[in-house]
Amino acid sequence: MTADTIGAGGLALPASESRLHKILTNNTFWIFAIDVLLIILFTSISINHTFISGTNLQNLMSDSGEGLLLGIAIAFLLGSGEFDISLGANLILSSVVAGLIAIALAPFGIGIVIIGSLVGAIITGLIVGLVNGLIVTRLNVNSLIATLAMLGIVTGVAYIVSGGTDVTGVPVALQDDFGIKTVLGIPLPFVIAILAWAIAFVALRFSRFGLHLLAMGSSRPAAERAGLNTNRKLVTLFMIAGGLAGIAGFIDITRFAATNIAGHTQDSLSAITAAVIGGTLLAGGIVSMVGLLGGVILAVILANGLVVIGVSSYYQLIVVGVILVIAVSVDQLRKSDSKVRLFSK
Amino acid sequence: MTADTIGAGGLALPASESRLHKILTNNTFWIFAIDVLLIILFTSISINHTFISGTNLQNLMSDSGEGLLLGIAIAFLLGSGEFDISLGANLILSSVVAGLIAIALAPFGIGIVIIGSLVGAIITGLIVGLVNGLIVTRLNVNSLIATLAMLGIVTGVAYIVSGGTDVTGVPVALQDDFGIKTVLGIPLPFVIAILAWAIAFVALRFSRFGLHLLAMGSSRPAAERAGLNTNRKLVTLFMIAGGLAGIAGFIDITRFAATNIAGHTQDSLSAITAAVIGGTLLAGGIVSMVGLLGGVILAVILANGLVVIGVSSYYQLIVVGVILVIAVSVDQLRKSDSKVRLFSK
Amino acid sequence: SSTGSADTSGSSDKKLRIVAIAALINDSFFITGKCGAQDAAKAGGATLQFQGPTSNSATAEIQAFAAAAATNPDGMLIAPFSNTGFGATVRPLMKKGIPVWATGQSLEPADAYGTTITDFLEASKPLEALIGKITGGKGTVGLIADTTGNKTDSDRYTEMVPALEKKYPDLKVLSPQFAQNSTSMASTAAAALIQGNPDMKVIYATSGPEAVGVASAIKAAGVGDTVKLVSFDSSPQQIDLIKSGQLAATVGQSPYEGSKIAVEQVLKYLKAHKGSTKQVPATATITATPTFLLTPENVTTAKALKYQYMTKCD
Amino acid sequence: MAFRGTADQLGIVRNEGKNMDASQTEVASPLRSPSDYVFRAEGLSKTFGHVKAIRDVSIELRRGEVLALFGDNGAGKSTLTKMLCGVYSPDTGSIEIDGQSITMKSTRDAEDHGITVVHQDLALAPDLTVLENMFLGHEMMHGGILKPFGFLSRLEMAQKTEKALQSLSIRLPSLSLSVKDLSGGQRQAVAVARANMWSRSGILMDEPTAALGTIQSDIVCQLIRTTADAGAGVMIISHDIPRILDIADRVIVLRHGEVALDEPIGSLTRSDVVAAMVGLAGHDPEDKEDNK
Amino acid sequence: MAFRGTADQLGIVRNEGKNMDASQTEVASPLRSPSDYVFRAEGLSKTFGHVKAIRDVSIELRRGEVLALFGDNGAGKSTLTKMLCGVYSPDTGSIEIDGQSITMKSTRDAEDHGITVVHQDLALAPDLTVLENMFLGHEMMHGGILKPFGFLSRLEMAQKTEKALQSLSIRLPSLSLSVKDLSGGQRQAVAVARANMWSRSGILMDEPTAALGTIQSDIVCQLIRTTADAGAGVMIISHDIPRILDIADRVIVLRHGEVALDEPIGSLTRSDVVAAMVGLAGHDPEDKEDNK
Ligand SMILES: Nc1ncnc2c1ncn2[C@@H]1O[C@H](COP(=O)(O)OP(=O)(O)OP(=O)(O)O)[C@@H](O)[C@H]1O
Ligand SMILES: Nc1ncnc2c1ncn2[C@@H]1O[C@H](COP(=O)(O)OP(=O)(O)OP(=O)(O)O)[C@@H](O)[C@H]1O
Ligand SMILES: [Mg+2]
Ligand SMILES: [Mg+2]
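Keeping their order, the protein sequence lines are chains A, B, C, D and E. No gaps in the numbering here: position 71 of the first sequence is 229 in the working numbering, and each next residue is one more. No gaps in the numbering here: position 82 of the second sequence is 240 in the working numbering, and each next residue is one more. No gaps in the numbering here: position 215 of the third sequence is 230 in the working numbering, and each next residue is one more. No gaps in the numbering here: position 59 of the fourth sequence is 243 in the working numbering, and each next residue is one more. No gaps in the numbering here: position 89 of the fifth sequence is 273 in the working numbering, and each next residue is one more.
Just so you know, these hints were derived from the structure itself, not from any lab. Quick caveat: nothing in here was measured; it's all calculated off a predicted structure. Some hints here could point you the wrong way.
Dumping the calculated SDA-like pairs for lysine to any residue here, alpha-carbon to alpha-carbon at most 25 Å [what the hints assert, rightly or not]:
(1) A:339 x C:109
(2) E:364 x D:276
(3) E:331 x B:355
(4) A:391 x D:327
(5) E:236 x D:355
Label-pair ranges, simulated between beta-carbon atoms [claimed, not checked]:
(6) A:387 x D:331: 16 to 26 Å
(7) D:275 x E:453: 41 to 51 Å
(8) B:213 x C:187: 20 to 30 Å
(9) E:234 x D:337: 56 to 66 Å
(10) D:433 x E:219: 52 to 62 Å
Coverage of chain E stretches by chain D, computed from C-beta distances (three or more under 8 Å per stretch; other residues unrestricted) [stated by the list, open to error]:
(11) 231 to 240
(12) 352 to 358
(13) 362 to 370
(14) 441 to 450
C-beta atoms are modelled at their ideal positions from N, C-alpha and C, and glycine is treated no differently.
Isolated chain A, as found in the complex:
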């Protein structure tokens, strides 16, 4: 496309080429640089370099599976200018439903169990997402309060469905044949998460769905005046986020052959952190899937690495906090002029 320009305007640059330039200069580079630095540091310090050992790499990958799925869900929603605090509760409810289905289908063999519980988890997640979407669009409640309310409601429902205790007696085959199974050495949960990430990356960058999502986040009035049916699209987005949380719930129960209804309270916040570190703006309009991956890896490296090299837990908290600040401030140095506002107006 070499369009000759009237006068001296510089239209020679085809759209795609300058996009590559844009990627390089944005902050994903910095996040991965820090990830690599930490890997080198932890490997050198850990006893006979176990940090980089096969088993620990598998630890890192299986630890990051659920975080990545929730990260994709929150990155989509943040990109469209919305929030979701109910992802953790959605994960719990989905894992409870998956667990109960797995127990019920146990006699029919591991294949049926896996499919049944996966489908059950996804449907539960979609339903929670749908209710989130309807509260936000039909009842006009801002998505922080709507999903916070759903956090309580979904947790309550999970406790009622599970009778207030973790679902036990889940067929261990679910764990052996899926949760801790590896494909070419890569844990299955991580494979699923990376697949979902790849689809999300392509959808965001090249599809109409991604464009409309970013338009709604960049300026909701502009998207509405361009004729986008924002309500319908938001409900779809919340359902996608819910479905991803459902898959994460399924993975959770396959990894541990048990639900963990008392945990997952910080899942939404960690997903938001990974997305924001990766360059996704809280105010919407700008999402970086590659940056999200870097953010999730950073979180997992720190959680695992600091234990492997034996840092005591109190100091772990401090080290993680300091590295978070360094990671984001280093990235800002480059963008000297444009101050990145939390809620860019």
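We have chain A; now place chains B, C, D and E with the ligands onto it with these hints.
Relative to chain A, chains B, C, D and E with the ligands alone:
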């Protein structure tokens, strides 16, 4: 001020009168309406109407002290377009420092103990706030990530300072002579919180400090181009928030004569919820102190009332969630035209 | 914390390295357990590392356990937050000849080399009797617990409540209110329970922070003489409450003993199977650790001291 | 000093599939509806709390006509436009398109009836690129095997965007600049080019030349004239009275939310319009009842 | 049809304490600095990634002078203005005020040197009311006992705001309307009135009349003339060439970030300016080297 207008423009309305009109139509009315409704409901259901009894009102007041202080802190920061997730950790560290000072000053009598630990708690809170402010303004880190990092760092410091477990041997007089003391029947912690609230209300509405805070939240570029020293003002705001969290930390230790380093994980989120329900915009520029009060009261009424009328804890979660949605959506019905965006652009 | 000796691959004279993972490292129950494990390790000539999450999240604990396992220690102790979910990491370790001992909570399924845990049914018997005495079999009993789904916490009332209801038919035991380790939430719930149930006689708090919250609520409401507080665990705050008469009784566990036995058994196994990478036999048998009902009367006796948790190991 | 070129020399690019090529002038309009009105509105009014922004305004836009809407700042021009394209719903009154009275809940409804808008605040998404804003809501998709995946064909869209902008003599450093990095005039040109590309029966333009350079403003005016000659109806709001009077067929002046003047161009001069705007020459609706 | 009244009839209100009352014309300027330049800038340049927005521009503004800055869309006018008032820091070049070379890190620095700005994007806080925006950064406080509490004296500020807006013939429904509820022109009037109220030695106006009605635009032009006659320097960016040529003393035309023309008004006509803007009549800096 009856300025005659050129032509037919309606300048007759003096600024203050229409402001009253503006207060009535905004959403504080709805929050208090729902509070009153719930009070009536719980009173009628509870056994011989104990919900409205003197002691229970005192319960409600002492329960809402810390929440209101953290609510004021977060409302100021949200109004200026910033965030603070470290309030809970700040409260813990301040209560640990206050506890240690109380033990050290015990021999010098309760007066010295109270003043010493209060001053210690406030100074600790101010320091944490100062560090928050410097990370946000000097290192250019967005305030969600900065305060999230500080959440970890401050919690770690609290564990180190307290030796890893709750501070023991705090003089019980701190509880008897302050924590559970009442003035004209009103618990002292609530008196302090309401005083702080009143000062905040006046400061926000009538002082230059309040105007600059809202200007920074409404449009940071406009505030900067009007010549406001936004960096210095943001550091001040984070310190005020930190100081308020310090006071809340002092109140926490006086109420229980013990620190609670494993608790307070949801404090920041509940403060944000109370502020947002009260009408404070997440995107900044609009703060409602009266609405915040209504939000804090709503939270406390639900936490206490549902237990008083004997709702089981799983269903409590669901009821609180449903009431949250109703409270916010009812308020939205009135503002049919202007869709209140989460992050209003 | 000391990092273990460089090479642990089975050579006999090398110091053995044991890693202990706790459910909540800022809780005096687990600190006391650490002291027991450290003393036993020192006595057995081994080194001990102590790790664990700072918030009670099972996922965080499982991840920390997996990370520590990756450093191939000689033996491991686990104080699981919930008894499920650890199998995937414990089984491979046991297969590689690394003994794993569970303290404070049993693993489900029983994959560990051994388990030292309080016999909660036994421990709650004296508490049942006390509650019967205080209430005379009538009135209401309130229950403030930590979180649902945390077996270490729910074991403290799931067996006791049915026993109480069977023994005292017209005693009303309320369903638990969950305070998530937060003193202020416990105080709010207790104050409301007192308000909602005029015939409240006893409130049972299942752990330290909850007990402190309930004591404050009772004191603030000024109902100290009609509403008694009983609890589980004996953190220093709870001991203060007993001494000041605000806490009628509390069940002291012996985490020091539990971890000491665990380390001793692990070292015994390692010394008996020097350098072997044979599968370590798992067993479901439980070594029960004793408990003691601390009351204002006996709290200062020598025996009672053994059941009071420490905050430092000196 | 001849300008760079009038609109037709530049071969203004129109969305082929959708409407007229500029060169076919005066051919019977192939547009959808037989009725010769883009819209007819009766008794519209809108109040914001105390402020009666629009009071009982009736307005119609014929096909092939350039209707100029003048008025002082705050007279209600933008409020009226927003009611005519579904951004605001009128408190009273009705809007009729193709003979049926319709209620428009969003600009999507307006567009379905062939009306596109250039908003005074441009309504562009700052974080999106120029071509993304141009095609927002009208994306061109990859056909063939990629069909089901809904992939955007960015290359095709880039070419069309470039042509449309060049026709307004706007040179952008690159098409992949986000709109927030554009200058005031460049942004407005994107908004005008967008409305022009997707318009069918009518375009409402709220001060389309406010930030444009003089050359670009002239081109836009010619573009408006040619679009009207090709059968579409164009309502243009502007404060640049002389330039708009050159191309307008009919003039409406709003004052304090009411129609103070509604006449064909005839011999209307700049000062007639200004007089109606400030209500000096007996056109003054204000005397009837107070604004309050 | 006489307009409502020229600027001096309206008694344009100036912030008494700070600068000249309009009626004292031609009196020796009491402004702070003896030097007769508001500022002198040499060799300024600014690049955004690929885009060279300003290339080696030297510009100066004398006191008592109205300097008109013309240029096509995207020529770099706003970028230059932002460098002259501290919003952007120039990549190269220096700015000299009162004889010293200074670096401005924010508009606060510019204002300390007596320069106020009307930004093209107005830089108003949408959620704040009109009077809050007018006095943002220059609040009038309660004296007396309330002194230490820093309370705003809203009544006084409301009166001043009202007078300032009336002087621009802008009628607002009420002063406590938030700016987001104002019309485009009303907002611009607030921005112009604000800059005028706080200006001392110089005002930079980036398209101050873009959204204003014709009457208001005339008044603003007269306001600019009177402010300059009173000794201040005014640099005005506009696309409304005829109206600005009436009041300008000197004209600068920017083209692709370079100065294409810098001459006193003399006999300059509209087409000379346009020619310089598009680079037809030999003024074309473009031939030297390509824009890339
Ligand atoms: N932040 C930015 N990033 C990238 N390019 C920019 C940025 N700001 C301006 N530009 C480019 O610099 C050039 C000059 O912009 P500027 O706003 O100064 O133009 P202008 O002369 O004010 O035009 P107008 O008359 O339309 O306001 C434009 O091509 C614009 O795309
Ligand atoms: N959302 C709103 N809330 C309150 N008042 C409003 C709102 N929108 C507009 N107004 C008022 O309605 C009147 C008309 O506004 P409108 O934007 O239609 O004017 P306009 O004719 O477009 O003016 P301009 O030429 O300056 O663009 C103004 O006085 C304005 O203050
Ligand atoms: Mg308008
Ligand atoms: Mg400009």
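| task | Could you tell me which of the hints above the structure violates, numbers in ascending order? | result | 9 and 14
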